[in-house]
Amino acid sequence: MYRYDEFDASFVNQRTEQFKDQVRRRLAGELSEDEFKPLRLMNGLYLQLHAYMLRVAIPYGTLNSRQMRKLAHIARTYDKGYGHFTTRQNIQFNWPKLEDTPKILEELAEVEMHAIQTSGNCIRNVTSDHFAGAAADEVADPRPYAEILRQWSSLHPEFSFLPRKFKIAITGAPNDRAAVQVHDIGLQLVRNDNDEIGFVVYVGGGLGRTPMIGRKVRDFLPEEDLLAYSEAILRVYNRYGRRDNKYKARIKILVHETGLEELKADIEAEFEKIRYGVLRLPDEEVRRIEAYFAPPPLEVGSATSDVVEARRASDAAFAQFLKHNLNPHRVPGYTSVTLSMKPIGGIPGDASDDQMDVIADLAEQYGHDELRISHEQNVILPHVKLEDLPALFDKLVAAEIAEGNAGLITDIIACPGMDYCALATARSIPVAQRISERFGTAERQSEIGELKIKISGCINACGHHHVGHIGILGLEKKGEEFYQVTLGGSANENASIGEIVGRGFSSEQVVDAIETLVDTYLGLRTGNEETFLEAYRRVGEEPFKEALYGAA
Amino acid sequence: MKVITANRLLNGDVVWLGENQNWVERVTLAKVFEGKDAVASGLEVGATAEKNQEVVGVYEMDVTIEDGVIHPVRLREKIRAAGPTTHPEFGKQAQAVSV
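Residue numbers (our numbering), protein chains in the order written: chain A, 1 to 552; chain B, 1001 to 1099.
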């Protein structure tokens, strides 16, 4: 895993010192809130409904046990004993005091962490596949490229005042688990006929109030051109992106208003000017950074394990966990394990300080000290020996993170919503909790199969509702919470934006409406193997509409 | 009927403008302002407090009085006055004083 070099360490320390001084000047009255706000946002510090909120970067969702223990320590010492994993693979603390934040940043710096690029109109923390470096379907590990992008984009002076924020995601596998097509730049690693590594490049995807699927601008961008091409895109965006209206300032609007062909020509023209310059990636540099992500030594083992099979036969909860929470590993005898941060009726993405400590211990004991945070708000142990699964599962049960529900109806993405967020128009978490309780039995979830519900508490769509198989958007209508339902969204390699099914539902009605949709699906699917999304794509919205609102 | 609210600069706590230009921790202790002019004078007090690094994000919000007790009108403000509905153990609702 990547280690800071002396350059990283020095700029993170500098930034921490700077922020300490900025907080001092703010409290002394030398900086007004208007002057201070952009500075605190550059360090991940927001002011929410009840308190400040600190968003800590977890670059491409990768961390080790030492870092996880530090997060637990911060939750315990400076917050209220918990943290919240976000849809950008980061973690948020909901109750820090302004006066404590410089100290928190110092503590984070001790374990090579910080809150840079978690806010503001800059290139944000790059996200990636949470099974990176482990998945059987992977072309190559995307994290070295994510790291190269991080080094290039961190505090990039030219791109520190973009028209709006800018998000990059990268996947190394054809099965996209990083939602690359709904990012400002989406990258998918591929190999060409000569076995060379390159990228499919998408531009202009995004959610928010104007959801759009990214447009493909390159079928194969050679590895060496990654930074020059990214810089070309950013330059075109920085020059032409709208600054007159913050709701029209993302690159997706530029793509839409300019037209793909013209914009592509602008990008290519800019690229030609710089492609042979300093940004050309030398092969030895890529290989050097790749070495930081060298996989742990994994002995090839048997693809099945007797102890696992014996336990599977005798323990239904374990069987359910195996069925849903494992992802095939490229090394036989290993698997990637999803630790569900979605207990039935619980708060999606919340982890207590004690749970974080347990997770750190388990990573050391069973996972070669590697951890990942998924954009679906779960925690992953990427390299677990099959034989260790029974022992690991027992410890997960004790820590209440053993729900075998990854990818199922209770594995809900939800933004913090109006329980915390100053922008929210309705609550998200309580809706997620009620849906989770409604469908929470093992049999019911398993019968329904893969179904991704995503809930946002306002049109900014942090809960990714547009790409939920069922999406729920919380709004306010006449002073009451009110929920709009979309169907047919998806964030994978066949990405699509969900369609609004009809008029919205009150908070009391919305869970019943979801159940109606689920029952309708169960009634019309061709068999257990046809997922909700497949069925929806086959039959369209009519049967669902009719079930919800009656025949037209 | 309005009250003036903000967050304390130092710790982010939700506060309301009370009597004697004090910032209070309970909406029930807030000073109620009726009429445009009264609200404007309340906001002025808020602006001064902002300049003095006491609070940030000053604004006015609607309230009603039921049985002599101040209640926020909007759900957002009800949640600010109480704490996250998902965490009854945190926020003002967790403190042993009537909300």
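Derived from the structure by calculation, the hints contain no laboratory data. Don't be surprised by glycine CBs; every beta carbon is placed ideally from N, CA and C. Keep in mind that a hint or two might mislead.
Unchecked claim - With beta-carbon atoms standing in for the labels, derived distance ranges:
| no. | chain 1 | residue 1 | chain 2 | residue 2 | range |
| --- | --- | --- | --- | --- | --- |
| 1 | A | G550 | B | A1047 | 30 to 40 angstroms |
| 2 | A | P38 | B | A1040 | 20 to 30 angstroms |
| 3 | B | A1040 | A | K478 | 19 to 29 angstroms |
Unchecked claim - From the derived model, a few chain B residues whose C-beta atoms are all more than 12 angstroms from chain A:
| no. | residue |
| --- | --- |
| 4 | N1022 |
| 5 | K1031 |
| 6 | F1033 |
| 7 | K1036 |
| 8 | A1081 |
| 9 | T1085 |
Going down the list of hints, with the structure as the test:
At about 54 angstroms, the beta-carbon gap between G550(A) and A1047(B) misses the expected band of 30 to 40 angstroms. The hinted range of 20 to 30 angstroms is satisfied by P38(A) and A1040(B), whose Cβ atoms lie roughly 28 angstroms apart. A beta carbon spacing of about 28 angstroms between A1040(B) and K478(A) agrees with the range 19 to 29 angstroms that was offered as a hint. The non-interface label for N1022(B) is consistent with chain A: the shortest C-beta to C-beta separation is roughly 20 angstroms, beyond 12 angstroms.
No Cβ of chain A approaches the Cβ of K1031(B) within 12 angstroms, the least distance being about 21 angstroms, so the stated non-interface status holds. Every CB of chain A lies more than 12 angstroms from the CB of F1033(B), the least distance being 21 angstroms, so the non-interface label holds. Non-interface status of K1036(B) relative to chain A is upheld: no Cβ of that chain comes within 12 angstroms, the nearest being about 22 angstroms off. A1081(B), annotated as away from the interface, has a beta carbon of chain A within 12 angstroms; the closest lies near 10 angstroms.
Not every Cβ of chain A is farther than 12 angstroms from the Cβ of T1085(B); the closest lies at roughly 6 angstroms, contradicting the non-interface assignment.
The earlier numbered hints that this structure contradicts are 1, 8 and 9.
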